[in-house]
Every structure is written in structure tokens, then in C-alpha cells.
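The whole structure should be built from the sequences, with the hints applied where relevant.
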Amino acid sequence: MSTRERTWWWVGGFLIVVYALFPIAWIVSLSFKDASDIANQSFLPTSPTVDNYTTILTGSASGLFLPALRNSFGICLIATFISCVLAMFAAYAIARLDFPGKRLILSTALAVAIFPVISIVTPLFNLWRQIGLYDTWPGLIIPYLSLTLPISIWTMSAFFREIPWEMEQAAQVDGATTWQAFRKVIVPLAAPGVFTTAIIAFFIAWNDFAYGISLTSTEASRPVPAALGLFSGASQFEDPTGAIAAAAVLVTIPVVVLVLLFQRRIVAGLTNGAVKG
Amino acid sequence: MASIEMRHIVKQYGDGYPAVNDVSLDIADGEFMILVGPSGCGKSTLLRMIVGLEDITSGDMIIGGKRVNDLAPRDRNLSMVFQNYALYPHMTVYENIAFPLRLAKMPDDEVRRRVTEASDVLELKEHLERKPANLSGGQRQRVAMGRAIVRQAEAFLFDEPLSNLDAKLRGQMRTEISRLQRRLGITTVYVTHDQTEAMTLGDRVCVLRKGKIQQVASPRELYEQPVNLFVAGFIGSPPMNFLPASLEGDRLQTPFGPIVLDERRAAAVRGRDLLLVGIRPEYFEDASLVDDAKRPLGSVFRARVDVTEWLGDSQYAYIPYEAPDAIRTQLRDLSRELDSEELRTQAIVSIDATSRIREGREADFWLDSRKVHVFDPQTGENLTRDAEAGARLTQMATEDRVEQVQEAQTHGSTVGGGASRAGAA
Amino acid sequence: MSTTTLPPTEKTQPVSTPQGTISDRSRAERKLGWLLAGPAFLVMLLVTAYPILQAVWYSLFSYRLTDPSNRSFDGLSNYAVILSDPLWWQALLVTVVITVVTVAVELVLGFALALVMAKALSSIRPVVRAAILIPYAVITVVSAFAWAFAFQIETGFVNSWFGWLPGISAETDWFGGQATSLLVICLAEIWKTTPFISLLLLAGLAQVPEVLQEAAKVDGATWWQRMWRVTIPNMKAAIMVALLFRTLDAFRIFDSIFIMTAGANGTESVSFLAYRQTIARVEIGLGSAVSVLLFLSVVIIAFGFIKGFRVDLSQTRGDK
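Protein chains in written order, with UniProt numbering: chain A, 1 to 277; chain B, 1 to 425; chain C, 1 to 320.
By construction, these hints were calculated from the structure, which means they are not laboratory data. Take these hints with a grain of salt, some might be off.
[Said to hold, decoys possible] Here are some chain B residues the structure puts well away from chain A; computed CB gaps all over 12 Å:
#1 G14
#2 R370
#3 D400
[Said to hold, decoys possible] Some, not all, of what chain A presents toward chain C, calculated at C-beta under 10 Å:
#4 V17
#5 P23
#6 G74
#7 L77
#8 I78
#9 I131
#10 W179
#11 I186
#12 S214
#13 T218
#14 E219
#15 I266
[Said to hold, decoys possible] With a Cα cut of at most 25 Å, we get these calculated DSS-like pairs of lysine-lysine:
#16 C:K217 to C:K236
#17 B:K105 to B:K125
#18 A:K102 to C:K217
#19 A:K102 to C:K307
#20 B:K125 to B:K168
#21 C:K307 to C:K236
#22 C:K236 to C:K119
#23 B:K168 to B:K294
#24 A:K184 to B:K131
#25 A:K184 to B:K371
#26 B:K105 to B:K131
#27 C:K31 to C:K119
In this text the structure is predicted, and so the values were computed from the model without any measurement. We treat Cβ as the ideally placed atom computed from N, Cα and C, and that holds for glycine.
If you want it as C-alpha cells, here you go:
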């Protein structure tokens, strides 16, 4: 590769990084502006301050933000866990066993994945009110399964297909019981796939807004994205912009950390199932 | 160590297709048995039924005098080397070899002793802490072997273990496997589609075709006294030439002139019309280089050479010939079944490396008529097979083996923690 | 010594078994298969099939949550109301425009990103890959806020940065009109979802064997020709899958619109319309009918893709 060409790829790479990080940098910068600075019409704060963070963590907006953060973590982790367990069994069956209906399960997962969330929200809104699940954790965990389960099933089946199942037989010939073969050989090989799937499922649950805003009404179960959406509507702040920016930064931190730690796996997980010839 | 007996083994898949069809085979204690055949002949299925990875539809599998049909693989105490080696990617070489011992809950120092011994034999010492992904093909293969020999298994099973190696390495590993088996004297079943491996490794070779046994015999018997067209065509490289022939008295008329048959052969083919003569390439010679003493034992014919291949130590000449359509189709079918693609009817003839026969010219060839076989083109049956002579050849091989195994056992090599001695005890 | 001789030309007759007879082992495998996959399957059905059937049922009623006693069966009149209301057509048009614009831009941009990532030197590849994952992982609501704040008159920097461009001044109100609002909404969407497309395309690129490129080079193809005649045809499956998924995803757009304009100035999408009818106005009957229509639109798009472009999803996502 010539020096010229090398320079071009460097420039390309640099542009991608700018593209990806610029809006993030903007919201971070915004979160450090103080109330009078918000409208300074420029990218950077004139004098950085952590006032906005105090507002949402201990100040007037903490009543809205902190419970929402707790709800988001709790609900997303539980939904991720359930869908990973269910998907693990299903993906094992799909990758490993021969039974009629495999295609049916995969097409159902596909259909559910392309399902418009709002179409489910309407009837659930009504049903949840009738049976008392409105504004509760289970009331969000259940619909979150419709978001996370299909992608978990695909991603995990794709990962499980890559496992050299011959290993299991080799282990049995080496004297392992079925359970030992599974635990000592298959589990270590399958674990990265399950883990990656869990991260992706968590992202999806964490990202949800439509269910969160429609199926909750109080701090009892409202997740962060929905709470953020309501900040602007709440009249207790003169100007919610700084607080929203600070909250946005805080909820972005976990996903950025996950991305930085596991980027290679996440890319494999996202593309593995999708583009297999 | 144990003998392996198979009684009328059948493997039938869900769609009714019999992958293995009524196979009965006795493998003696300490014997090296090769299962060979073109792809899809059922050889791997048979091996997997021995080890227990495949259900047996019907028949009996008896290992060491015990019926094992319903035993799980781990209860059969066999070790197997898989085609792709099946090394556990998350374990080091050491742990891969130690895995069967760990499962047997063997104490750590005993594990260490055995793994060290096995890795010494296979020269894996400096790789013990590496992961399989960082090994070369040959090293992976040796790790797989190490895992097999480290415990006292009743028998070794190999499923095309060398097919993923390049030609040179394959040759080296072949002799290595042979040495190891002789040293341990352990019953071995080896699946391959490579006939060089079949001929060089096996005490006996079992040739399979479409799930049925064609012939079980020593490599020599297979080569010299094949039972039918299939075995004759499969064993030998370059393969046996099949020429159309018609019978006139005691003489066969072939595209390469008349061949005179001896009395036994003549009697065997009497009364037939169209026949196939099977002649191995080395039964030919450049007529100008044949001893006067040998010359009367064969016939001389003149033919035009299409291509010659000089290989240094040997030389091949390709001679095209005409064949009737029926024969032509049959030969094409046969070659397809043997995983090759016969494009034209031509004979491959081995001539002395010093021969000056040239491409595109006519030349005189001598043909040793003592060793030709005559096949029935309809059934493929070898009409001139000398069963007694064949049996003698295999008998000799069996005696050789028994002697070698005894020798190995008295010398008592202790590979893999005394797999040979302790296992025999 | 066993020397079995069999006439080789004898045709091996498959032992005939009646159709449908299966061995115990495969029957056990079927049972186990459904036992393991069943729960996931059932949950998926319960959380989607049941609600959509319920929605179909509600859509046939005139039903306000605040006035449950007045619930009455109305047949298809809800649909008639919606389909004759310009609001619906407006929302549908907005949705289609957003979908077409974002997906088209994302496909081109995503392909460019994928090319850079594929060629990027190995030293910077992890950095680029991590960077590109961030927009994917960031919450849509956060991305919507970031873009909205950047363009708003009071809080934004866009007007002051780009004031030198004709038509942009300190007073340019991006969210004051339909076209400019949609532009900002599209920008936010494109920023957030292009990485996903580019990763799918990158994986597709990786599946085109390098040797094909070399062969084309030897055959005298220019860079452009190699791209159009070798690379792209060979990654058609990846492109189609990316396109299908993003189209369906874009068609459901809701979060960004809610945050950025709340549907003002004719920026309401179909999803937002359904939400507003049901949740805000508690018109369960009408809202359900909009939901059902939205669902039907998605089904039609998916069907059109699968039939029209012959996207074989079972090949790409499912069974090999």
C-alpha cells in the first residue's frame, strides 16, 4: 500500500470516529453548561460546571431520575436474563437437534422482530390496566421479551452453529457422561455466544421508549428513556436542557463501557446471524 | 485390548436408506484393520457404530466378548482420533491429552506421568502449554493421537486421520501410526479412502461398497486376487486396466492382440462370449527391454503411444484403445463409483524408466499373460480368481502380525502409562 | 478369515419402510427439540400474537377508556374514519418519506463506512469499530435530544456554525416547519442506525473472496468495475437483509419524533398517530384500528421484499 493510500485510509478512519463521536461530544459538552450558558450558541461551555449532575442526582430532578435509573437497570437485566435463558434452550435445539418446526420457530422470531411495537402497545395498555400490570415491573418485562427474545434466538443459534459439536462426541469417547461432555466442553465453547447475546439483548431493552412511555405512569416502573422524554414536559424546571443532557450522559455511560470492552464480540454477534451465506 | 466382532450389522436411516448393510467382520486382538472404500460406502458409519456414536439398527457389536450395542461411548473404553482431530479449543495441549484421565478421576501425579510419557513418544513436549489454535496441522494430529494413547483403551479407532495433512506429512504420520500400533500391539480400526494408507498400514483390509463388504483380505491378496471388478479397480495406483475381450478357444482377443490363457483360467472362462481382462500397469513392459527368458510367457503387441510420463524411477505410457459402447459405459460407471473421472478409454502401462518409447509413435509392448484376471462384465465377478493362492497370502500376513505383536509385548514398551502391558493384563 | 463376495453390479435395494415411520431416537429428538424450543416459541406468540388479535378485536368497537359504558360494536367504521381522514394519509406520507430518505442515505453511507472499515489499517481498525458501535448502542432518545438541542434556536450551535450558508441565520427555526423538522429527524435517524447497516455490509464484504478481486484485476477491471460487477453482486444477500431490516425498522419510527417535535408541524408518523389516539386520547377503538393498519403495512412491506427481491431469510438468518 502506498503512503498516499495509507494516508487516505487514515483520513477515512478519522472521519468515521468524528462522525460517531460528535453528537456524543456535543451532549457531554451541553451537560457541563450552566443555566445561563445553555443558550450561548456555541459548542463548548464558557465555564464548565457540574450543576446539572447535581440537579439530577441530588437536586430537584433526582426524584424523577434516580428511580427511573433503578427501574431501567432492574427491568432490563431481568428481561435480558429471561430471554437469554429461553433463547439458550431454543438455540441449542435449533443448532443441535433435528426436529420439524425449526423453520417455524425461526420465522416466528423473524416476524416478531419486525413487529411494530406500537401495534402491541395499544392492546397491552388496555389489558394491563384491566389485570393490574399497568405501571409495574412485570408489565414492562413481559413486552420487553418480545423485543429481546427474537434477536437472542437468532444470535445464539448462529453462535451455537459454529460450535464444533464433534467435540461433544469426542468427549464421550474419552469417557465423559452426556452431562460432563456438556459442562466441560460445550459450556466453555458456548459461553462467549451467550454472553454476547446478553449484551445485545440488554442494549435493545435499554433503548426501549415506546413501551416505557405507554405502559407506565409513575416512578414505580418508569424507565430512563421515558423519564427523559417527560423531563421536557415537566414544568418544575425553568429550563430542562442541562438536566436532560446530564441524564443522557449518565445513561450512555454503561453502553459505551460495554461497547469499549466487548466491541469485537458485539460486532460478531450483530453480523453473525445476519449474513451467513 | 480386545477383539471386535460384528454380526450382521445394519444401519438404516430414517428414509430407509441402508448406509451399512449386513456387515459381518471379525477383527482379531491386536490386529490393524483398515476400512476402505469410495465416499459414501458406509465406512465411517461403521466406525461410528463401533465407538457408539451411531445407533445400530440391527445386528450385534461384540467387543472383547461383550455385546456393546446398548452401551454409551464412554462405557466402551475405546479411543478415537477424529478426522478434524476434535481438539478442545479452550484447553491447552496438556489438558487435551489429560482430558480422558481427568474424567476417570485419576490422581494428578499419575496424569502428569502419563501425559509426559505420551508427549515424549509424540514429540509434543515443548508444546504442552499451547492452545490447539496455535499448532500446525501435524502437531494437532499428534495431540489427537496423544489423547488416544494416553489411556488404556480396548482399541484405537481412526477416522481418516491424515486426510487434512499435506502429502509429505501424511507419509511421515503414516509410518508413525504404524510404528505406534506395532509397539502397543493394540487392536486398531482405521477408516480411509486413501489406498496407499490402506495398503501400507493394514494387516487386513476390508473393502466396502454401498454399505456392503466386498472383500476382507491382506493387502497382498486384495492386490493379486481381487474378488471382483470393484476391488480390482479400487486397489492399485495407477489402477488396473480393463480391456474388452472376446473368447476364441483358449485365447482372448483384445485390442492389444491375443492373450493365451493357462488351463485353469481357460477352464474358468470357457463358454463365455464377451469378457473384461484386467491387467495391472506393471504387467506390461517395453518389448525391447524384456529378457529373452521371460518373453515367451507373455505376448507382444504393437500400439501407438499417446502420452508418456517419466517420473525418474519409473515411466508410464498411455495407450488409447477402442471399446464397444456397452463396455465403455460400464467402465465409465465404475470409474465414477471409484471417485475418479475416466474421460477416455486408455490403458496405463508401466515401462522401464530407461525405455526410449516416444509419444505419438508406435512401439512394441510385452504383456505378462500369467497374471491377468478375467472378469464377467455383467456381474463384475473375477472368473479367474485363485482363492487358495489368496488365502495363502493372507495367512502369511496373519502369521507375520502375530509374531510382531508377540515381539512388541515381550519388549514391553510402556507408552501411555503401559497401555500395552497393563491393558493386556 | 471372512471373505465375503458379492456381485458388484447388484443394485442395493433400500429396505423399504413405510413413510412416516421414524426410529425411537429421532422421535425422542423431536420431543426434546420442542421441549427446549417450545417455551421461547410460546412466549413469542403470547407477547405478539395475542395483543395483535386483541387489537383487531378492539378496532371493531367504538371504545373510549374514559367512557367504557358507551362501548359498542361498530364493525369497520373505525377504519372508514381513519382512511377518510387526511391525518392518516399525512402520517403515512411522512413515514414513507422518512423511510425512503433514511434507508437510501444509510445504504450509501453505510457502504462507504464498511469499505473504509474493511480497508482500514489493522492498527486503527479496533478504534474505528468501537467508535462506530457507539451510535448503535446509544439510546434513541438520547440521540434525538442531542440532535434536537444542536438545531434548536436557543440551545443550538448549528445556526451560529453554519450561519455563512445561504438561508441559515441565527433565527432559523428548524423545528418551525415540516420540511426542516423532517430533515433534522432524518439526520438523527441516519446517524443512529447507519452503523448497524455498515456492520452488516462489512460482514457481507468479508464474504466476497479476495481472490475474486484479484481475478478481476488480472482481467483488467477498474476499481469501479470491480465494485459494481464483482463485489456488489456477490454481497447481494447481505445488502438485501440490511435493507429489509432497516426499512421495517424505519417504518416504525416513533422515539425521535416524540422527542424532537412531538408530532408538531405535520411530522406525525403512523406509530405516533397510533400512540396519540390510544395513550393520549384513550380512544382505544380508533387507536387499535391505526395499530392494525400499521401492522398490515409492515406485513406488506416485508412480504414485498421477500417476494419481490427474493430475500431468502431462512438462508440468511435461519436454517442453513
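We went through each hint and held it up to the structure:
1. A beta-carbon of chain A is positioned within 12 Å of the beta-carbon of G14 of chain B; the least distance is around 9 Å.
2. Listed as a non-interface residue, R370 of chain B keeps its Cβ farther than 12 Å from every Cβ of chain A; the least gap is roughly 48 Å.
3. With 12 Å as the threshold on Cβ separation, the claim that D400 of chain B sits away from chain A holds: the shortest Cβ distance comes to roughly 30 Å.
4. Interface restraint check for V17 of chain A: the shortest CB-CB distance to chain C comes to about 4 Å, inside 10 Å, so the restraint holds.
5. Hint status for P23 of chain A relative to chain C: holds, with the closest Cβ pair at about 4 Å, below 10 Å.
6. Checking G74 of chain A against chain C: minimum C-beta separation of about 17 Å lies over 10 Å; hint violated.
7. Using the Cβ-Cβ criterion of 10 Å, the hint placing L77 of chain A at the interface with chain C is not satisfied: the shortest such distance is roughly 16 Å.
8. Interface hint at I78 of chain A: violated, since its Cβ lies 14 Å from the closest Cβ of chain C, which is beyond the 10 Å cut-off.
9. With its C-beta approaching chain C no nearer than about 12 Å, I131 of chain A sits outside the 10 Å limit, and its interface hint is violated.
10. Restraint check, W179 of chain A versus chain C: the minimum CB separation of about 15 Å is more than 10 Å; hint violated.
11. At its closest, the beta carbon of I186 of chain A sits 14 Å from a beta carbon of chain C; the interface hint therefore is violated under the 10 Å criterion.
12. Because the beta carbon of S214 of chain A sits about 5 Å from the nearest beta carbon in chain C, less than 10 Å, this interface hint is met.
13. The beta carbon of T218 of chain A is not positioned within 10 Å of any beta carbon in chain C (closest approach about 15 Å), and the interface hint is therefore violated.
14. Among the interface hints, the one on E219 of chain A is violated; its C-beta lies about 18 Å from the nearest C-beta in chain C, farther than the 10 Å criterion.
15. Evaluation of the I266 of chain A hint against chain C yields a held restraint, the C-beta minimum of about 6 Å falling below 10 Å.
16. Pair hint K217 of chain C plus K236 of chain C holds up; C-alpha atoms about 21 Å apart against a cutoff of 25 Å.
17. Distance hint between K105 of chain B and K125 of chain B is fulfilled; the C-alpha atoms sit about 23 Å from each other, no more than 25 Å.
18. Restraint check for K102 of chain A and K217 of chain C: not satisfied, since their Cα atoms lie roughly 43 Å apart, outside the 25 Å limit.
19. Proposed proximity of K102 of chain A and K307 of chain C is supported: the alpha carbons are some 21 Å apart, at most 25 Å.
20. For the proposed pair K125 of chain B and K168 of chain B, the alpha carbon gap of about 22 Å is at most 25 Å, so the pair holds.
21. Distance hint between K307 of chain C and K236 of chain C is fulfilled; the C-alpha atoms sit about 15 Å from each other, no more than 25 Å.
22. Distance check on the hinted pair: K236 of chain C and K119 of chain C sit about 20 Å apart at the alpha-carbon level, within 25 Å; holds.
23. At roughly 37 Å between alpha-carbon atoms, K168 of chain B and K294 of chain B are farther apart than 25 Å, so this suggested pair is violated.
24. For the hint pairing K184 of chain A with K131 of chain B, the CA-to-CA distance comes to about 16 Å; that is within 25 Å, so the pair holds.
25. For the given pair, K184 of chain A sits about 58 Å from K371 of chain B by alpha-carbon distance, which is inconsistent with the 25 Å threshold.
26. This hinted pair checks out: K105 of chain B and K131 of chain B have alpha carbons roughly 23 Å apart, not beyond 25 Å.
27. Of the pairs offered as hints, the one joining K31 of chain C and K119 of chain C is violated, with about 48 Å between alpha carbons and a cut-off of 25 Å exceeded.
Of the numbered hints given earlier, the model fails hints 1, 6, 7, 8, 9, 10, 11, 13, 14, 18, 23, 25 and 27; all others are met.
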